[in-house]
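Every letter in the sequence shown is one number past the one before it in this note's numbering, and letter 39, counting from 1, is 39.
Hints were generated in silico from the structure; no laboratory data involved. Computed from a predicted model, the values in this text were never measured in an experiment. Note that the Cβ used here is the ideal one computed from N, Cα and C, for glycine as well. Honestly, I wouldn't trust all of these hints.
Computed list of lysine to aspartate or glutamate pairs in EDC-like fashion (alpha-carbon distance at most 16 Å, straight line) [unchecked claim]:
no.: 1; residue 1: Lys28; residue 2: Asp63
no.: 2; residue 1: Lys54; residue 2: Glu21
no.: 3; residue 1: Lys28; residue 2: Glu67
no.: 4; residue 1: Lys31; residue 2: Glu21
no.: 5; residue 1: Lys54; residue 2: Glu33
no.: 6; residue 1: Lys31; residue 2: Asp63
no.: 7; residue 1: Lys32; residue 2: Glu67
no.: 8; residue 1: Lys32; residue 2: Glu21
no.: 9; residue 1: Lys36; residue 2: Glu67
no.: 10; residue 1: Lys18; residue 2: Asp63
no.: 11; residue 1: Lys18; residue 2: Glu67
no.: 12; residue 1: Lys17; residue 2: Glu33
no.: 13; residue 1: Lys32; residue 2: Asp63
no.: 14; residue 1: Lys56; residue 2: Asp26
no.: 15; residue 1: Lys36; residue 2: Glu14
no.: 16; residue 1: Lys54; residue 2: Glu67
no.: 17; residue 1: Lys18; residue 2: Asp45
no.: 18; residue 1: Lys28; residue 2: Glu14
no.: 19; residue 1: Lys56; residue 2: Glu21
no.: 20; residue 1: Lys18; residue 2: Glu33
no.: 21; residue 1: Lys48; residue 2: Asp26
no.: 22; residue 1: Lys48; residue 2: Glu14
Estimated spans, in silico, between C-beta atoms of each pair [to be verified]:
no.: 23; residue 1: Asp26; residue 2: Trp52; range: 14 to 20 Å
no.: 24; residue 1: Asp63; residue 2: Thr11; range: 25 to 31 Å
no.: 25; residue 1: Thr11; residue 2: Asn66; range: 26 to 32 Å
no.: 26; residue 1: Asp26; residue 2: Asn66; range: 14 to 20 Å
no.: 27; residue 1: Thr11; residue 2: Ala62; range: 14 to 20 Å
no.: 28; residue 1: Lys32; residue 2: Lys54; range: 14 to 20 Å
no.: 29; residue 1: Thr11; residue 2: Leu51; range: 15 to 21 Å
no.: 30; residue 1: Glu67; residue 2: Thr47; range: 15 to 21 Å
no.: 31; residue 1: Thr11; residue 2: Glu67; range: 15 to 21 Å
no.: 32; residue 1: Lys54; residue 2: Ala22; range: 15 to 21 Å
no.: 33; residue 1: Ile35; residue 2: Gln59; range: 16 to 22 Å
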Amino acid sequence: MSNAEQKTYCTMLEHQKKVLEAVSYDNKLFKKELIKSQAWLNIHDQTKLRLWVKQKFYQQHADTINEILNTKYDYAS
1 MSNAEQKTYC TMLEHQKKVL EAVSYDNKLF KKELIKSQAW LNIHDQTKLR LWVKQKFYQQ
61 HADTINEILN TKYDYAS
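All chains, full assembly: derive it from the sequences and hints.
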């Protein structure tokens, strides 16, 4: 992976973290954005995001987090 690709992925990960923080007040929006995050991020960043989401939002969104992170979605390529 090139440095430019690494920067893009890091930027996308940070972007998705900001989005999830911004919509955390609404469970439906949080769920929608968490699904998008899983589709857009590479495997490495998905792992980082999963850990971060569990640490930051588990008390508030436990059911949603368990549902989304334990479901395999068929994303469009």
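Hints, one by one, checked against the model:
1. The straight-line distance between the Cα atoms of lysine 28 and aspartate 63 is roughly 12 Å, inside the 16 Å bound, and the hint therefore holds.
2. A threshold of 16 Å between alpha carbons decides the hint, and for lysine 54 with glutamate 21 the separation of about 13 Å falls inside it, so the pair holds.
3. Taking the CA atoms of lysine 28 and glutamate 67, the gap is near 13 Å; set against the 16 Å cutoff, the hint holds.
4. About 12 Å separates the Cα atoms of lysine 31 and glutamate 21, which keeps this hinted pair within 16 Å; it holds.
5. Pair hint lysine 54 plus glutamate 33 holds up; C-alpha atoms about 15 Å apart against a cutoff of 16 Å.
6. A C-alpha spacing of about 10 Å is found between lysine 31 and aspartate 63, which places the hinted pair at or below 16 Å, so the restraint holds.
7. Simply put, lysine 32 and glutamate 67 have alpha-carbon atoms about 12 Å apart, close enough for the 16 Å limit, and the pair holds.
8. The straight-line distance between the Cα atoms of lysine 32 and glutamate 21 is roughly 13 Å, inside the 16 Å bound, and the hint therefore holds.
9. The hinted pair formed by lysine 36 and glutamate 67 meets the criterion: a straight-line CA distance of about 14 Å does not exceed 16 Å.
10. Straight-line distance between C-alpha atoms of lysine 18 and aspartate 63 comes to about 21 Å, which puts the hinted pair past the 16 Å bound.
11. Between lysine 18 and glutamate 67 the CA atoms are separated by roughly 21 Å; this puts the pair beyond 16 Å, and the hint is violated.
12. Under the criterion of a C-alpha separation no larger than 16 Å, the hint pairing lysine 17 with glutamate 33 is consistent with the structure, at around 10 Å.
13. For the proposed pair lysine 32 and aspartate 63, the alpha carbon gap of about 14 Å is at most 16 Å, so the pair holds.
14. Only pairs whose Cα atoms come within 16 Å are accepted, and lysine 56 paired with aspartate 26 is accepted, the gap being roughly 15 Å.
15. Between lysine 36 and glutamate 14 the CA atoms are separated by roughly 14 Å; this keeps the pair inside 16 Å, and the hint holds.
16. Between lysine 54 and glutamate 67, the direct Cα distance comes to roughly 12 Å. Compliance with the 16 Å bound is thereby established for this hinted pair.
17. A C-alpha spacing of about 14 Å is found between lysine 18 and aspartate 45, which places the hinted pair at or below 16 Å, so the restraint holds.
18. For the proposed pair lysine 28 and glutamate 14, the alpha carbon gap of about 21 Å is over 16 Å, so the pair is violated.
19. A C-alpha spacing of about 9 Å is found between lysine 56 and glutamate 21, which places the hinted pair at or below 16 Å, so the restraint holds.
20. Pair hint lysine 18 plus glutamate 33 holds up; C-alpha atoms about 11 Å apart against a cutoff of 16 Å.
21. Taking the CA atoms of lysine 48 and aspartate 26, the gap is about 22 Å. The hint is violated against a cut of 16 Å.
22. Restraint check for lysine 48 and glutamate 14: the C-alpha separation of about 10 Å stays at or below 16 Å, so the hint holds.
23. For aspartate 26 and tryptophan 52, the Cβ-Cβ distance of about 19 Å falls inside the hinted range of 14 to 20 Å, so the restraint holds.
24. Separation of aspartate 63 from threonine 11 is about 30 Å and conforms to the stated range, judged on CB atoms against 25 to 31 Å.
25. Roughly 28 Å separates the CB atoms of threonine 11 and asparagine 66, a value that falls within the hinted 26 to 32 Å.
26. Checking the proposed 14 to 20 Å range against aspartate 26 and asparagine 66 shows it holds: the Cβ atoms sit about 18 Å from each other.
27. Against the hinted window of 14 to 20 Å, the Cβ-Cβ separation of threonine 11 and alanine 62 comes to about 28 Å, which falls outside the hint.
28. About 18 Å separates the C-beta atoms of lysine 32 and lysine 54, a value consistent with the hinted range of 14 to 20 Å.
29. Taken as a hint, the range 15 to 21 Å holds for the pair threonine 11 and leucine 51, whose Cβ atoms sit roughly 19 Å apart.
30. A C-beta distance of roughly 18 Å is found between glutamate 67 and threonine 47, which places it inside the suggested range of 15 to 21 Å.
31. Between threonine 11 and glutamate 67 the Cβ separation comes to about 27 Å, which falls outside the hinted range of 15 to 21 Å.
32. About 18 Å separates the C-beta atoms of lysine 54 and alanine 22, a value consistent with the hinted range of 15 to 21 Å.
33. Against the hinted window of 16 to 22 Å, the Cβ-Cβ separation of isoleucine 35 and glutamine 59 comes to about 20 Å, which satisfies the hint.
Against the hints set out earlier in the document, violations occur for numbers 10, 11, 18, 21, 27, 31.
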